[in-house]
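**Student:** Sequence:
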Amino acid sequence: MLLVDPLTAVATAVQRAGIIPDAIPADLKIPFIPEALLVVRWPTGKEAILGNTLTTIDTADEPAVSFSPMQSFAAATDIGYTLVMTDPDAPSRSDPKMGQSLAPLGGDGSQGAGALTALDTGDLSARVTRAATTPYYPPAPSRGTGPHRYVFLLYQEPSVDLTIPTHAHEYKSGSNDRAKWNVASFAEQYGLKLVGVNYVVVRGDE
Numbered sequence: 001m002l003l004v005d006p007l008t009a010v011a012t013a014v015q016r017a018g019i020i021p022d023a024i025p026a027d028l029k030i031p032f033i034p035e036a037l038l039v040v041r042w043p044t045g046k047e048a049i050l051g052n053t054l055t056t057i058d059t060a061d062e063p064a065v066s067f068s069p070m071q072s073f074a075a076a077t078d079i080g081y082t083l084v085m086t087d088p089d090a091p092s093r094s095d096p097k098m099g100q101s102l103a104p105l106g107g108d109g110s111q112g113a114g115a116l117t118a119l120d121t122g123d124l125s126a127r128v129t130r131a132a133t134t135p136y137y138p139p140a141p142s143r144g145t146g147p148h149r150y151v152f153l154l155y156q157e158p159s160v161d162l163t164i165p166t167h168a169h170e171y172k173s174g175s176n177d178r179a180k181w182n183v184a185s186f187a188e189q190y191g192l193k194l195v196g197v198n199y200v201v202v203r204g205d206e
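In terms of the numbering used here, the sequence shown opens at residue 1 and continues consecutively.
If you are wondering where the hints come from, they were derived from the structure by calculation, not from laboratory data. Ideal Cβ placement from N, Cα and C applies to all residues, glycine included. Don't take each hint at face value.
Label pairs and their in silico Cβ distance ranges [to be verified]:
#	residue 1	residue 2	range
1	Ser-94	Thr-56	17 to 23 Å
2	Asn-52	Asp-161	34 to 40 Å
3	Arg-143	Leu-7	21 to 27 Å
4	Thr-56	Thr-163	20 to 26 Å
5	Asp-205	Thr-163	37 to 43 Å
6	Thr-8	Ser-159	25 to 31 Å
7	Pro-158	Ser-68	18 to 24 Å
With the hints as constraints, model all of the structure from the sequences given.
**Tutor:** Okay, here's the thing in structure tokens:
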């Protein structure tokens, strides 16, 4: 039996699910190569497992996030992370005219957990070091719109002092402000490198 390493499984899953190119552009200057296993777990005990199907009840409250670096990361004092959740299927996968829908988690969208946390202490939980730019908006696909992919993207920041100006679009929290948001443009603007991906599928009521 041929065993697939976890990072290869991530890369294969996002290709097969169409997350590349729907949420991750296929023509990135630096192609996406997973470097960390991203774990997203809700208080209900449900977890994101590369496309498993959950309900709106399962995902109603903000999840806990952890990750395990699988490549050679910089020292903990030199690294920070930005975590984003996006829905590329708004209002539906067949008609994604409002996607991507933004729901970043963590400070400035940041998670301050580095190699020291993961490798030296055994504590893989991300430490939120700055207030979130946008609060958690749980998956809430509209009735009759079918399954939506809710994609979690973990980015490595170029420096620990990354800040997003308070007037930036990402601070706006209205539903119209979150629609038609482009995560790739956001990442390019702030020099973010994609290192981890996970996702779940949530279906709207029929």
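**Student:** Evaluate each hint against the coordinates.
**Tutor:** Status of the hints after comparison with the structure:
Range check, Ser-94 to Thr-56: Cβ separation about 20 Å, and the 17 to 23 Å hint holds. Against the hinted window of 34 to 40 Å, the Cβ-Cβ separation of Asn-52 and Asp-161 comes to about 37 Å, which satisfies the hint. Checked against the hint of 21 to 27 Å, the C-beta distance between Arg-143 and Leu-7 comes to roughly 37 Å, which is inconsistent with it. In this structure the supplied range 20 to 26 Å is violated for Thr-56 paired with Thr-163, their Cβ-Cβ distance being about 33 Å.
A hinted range of 37 to 43 Å holds for the C-beta pair Asp-205 and Thr-163, which are about 40 Å apart. Checking the proposed 25 to 31 Å range against Thr-8 and Ser-159 shows it holds: the Cβ atoms sit about 30 Å from each other. Separation of Pro-158 from Ser-68 is about 22 Å and conforms to the stated range, judged on CB atoms against 18 to 24 Å.
Hints 3 and 4 from the list above are not met by this structure, while the remaining hints are.
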